[in-house]
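> Make a model of the complete structure from these sequences and hints.
Single-letter residue listing:
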Amino acid sequence: MNINLTLIGQMIAFFGFVWFCMKYVWPPIMAAMAEREQKISDGLAAAERASHDLELAQEKAIERLKEAKHEAASIVESANKRANQIIEEAKVAAQTEAERVKTSARAEIEQETNRAREALRGQVATLSLVGAEKVLGATIDRDAHSELVDKLAAEL
Amino acid sequence: MAGENRTVSEYIVHHLTNLTYGKLPEGYERLDYDGNLVSVVPEGGVWTMAHGGAEASAMGFTAIHVDSMIWSIGLGIIFCWMFRRVAKRAETGVPSGFINAMEMIVEFVDNTVRDTFHGRNPLIAPLSLTIFVWVFLMNLMDLVPVDLVPYTLEVLGVSYHKIVPSTDPNITFGMSIGVLVLILYYSIKVKGFGFAKELALNPFNHWMFIPVNLFMEIVGLLAKPFSLALRLFGNMYAGEMIFILIAALYGAGVAWMAPAGLLQIGWAIFHILVITLQAFIFMVLTIVYLSMAHEDH
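Taken in order, these protein sequences are the chains called Z and S.
With the working numbering, the residue at position 32 of the first sequence is 32, and numbering never jumps.
Counting the second sequence from 1 gives a position; the working numbering is that position plus 1000.
Bear in mind the hints are in silico, worked out from the structure with no lab data behind them.
Using N, Cα and C, we set each Cβ at its ideal position, and we do this for glycine too.
Be aware that one or more of the hints could be misleading.
If we take Cβ atoms under 7 Å as the criterion, some of the chain S residues that face chain Z in the derived model are [as the list claims (entries may be wrong)]:
#1 Ser-1057
#2 Ile-1064
#3 Phe-1083
#4 Arg-1084
#5 Gly-1178
Okay, structure coming up:
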């Protein structure tokens, strides 16, 4: 229980260890801890930002999907419309064509009929002349009687 | 018990005697255990190991407690080595095991310093860490069974050994006087002449009271290291004493073994709390005192 040189020794040791701790222990530990803290807080911030971004992206994706659906629906609708229109147009065109064909056919028929009639008429005139010659027993001068024959033919 | 034919009081005294190396004064009569004169110290004194407390007392100030110094410095080196390892291996990645535990202590000390000390001083935190861990390690020696190291060393020929440095007032006063030096240094550095004014004109701000003020303030100033050192010493000395008494109880007979064992376990568990608390108190009071030294009124 004596106070002696141990006191001085302990004081020197005390300052020595405090100096060592101050110089070589405390600063590196604090620096590492501060750096880690920074890293963790950065990481947390990044994670938060990422989750926020993800949320935004999801929202965007949903929006896009909705838009796409909308667009698709409108495309289908317009296609349907267009198809109906094409059908209508085709119908109309076909009808017109049919009408035209009919008309032309009818005209041709008329023409053919007329032509046949003309031919017939000509032949009838000839036949009548032949008949008349037979009946009259004489030749009828075609030129002289052409007016008569023509009148006959016209009457037929 | 350590010696076969010792009384309980001899046993206790033996356990409370430091291994002392010092200078015996001229003309000192060295006695053996039975009180017979062995030799007389020649002219000029002699540097030697003290045989017993009487010789250690006779050495006065020119002596050193070898056991206290070895354990104190050894534990300080262990502290430095442990934390230097952490400092070297501390990375920014995930810490594990040992490093994690050490960093918890560092962070705990750092928070305590931040809460108490509001100035900027790069010394305070490492100082606190050193005090806390070092005092804790010195106190921790108290939990080593009291006879283990001294008895082993006695068999090896070292007659006295105290392994708990903080039961030596030299050790606790050495640290608290170190703290006092820091208090004075920072008081003068921060306040300059204001420190003298603070000593002279507090608490009675009148020139007539300067002697009274000086007396009171200086007593207050000196009370700081005294209270620091005596609190730690008193607690550890009392704790050690109870461990020694419990150990002496083992020698009282086979019937006392079981109760002594229970007492030892109980006191050891309680003492874990005491040693940590004492280390913490020493650290916190140091921070508080230094914080006061930095405050300008």
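> A separate judgement is required for each hint: does it hold in the structure or not?
Here is what the structure says about each hint:
1. Ser-1057: Constraint on Ser-1057 (chain S) satisfied, holds at 6 Å.
2. Ile-1064: 4 Å, holds
3. Phe-1083: The hint holds - Phe-1083 (chain S) has a Cβ within 7 Å of chain Z, the shortest such distance being about 4 Å.
4. Arg-1084: 6 Å, holds
5. Gly-1178: With a minimum Cβ separation of about 4 Å from chain Z (threshold 7 Å), the hint on Gly-1178 (chain S) holds.
Hint violations for this structure: none, all hints satisfied.
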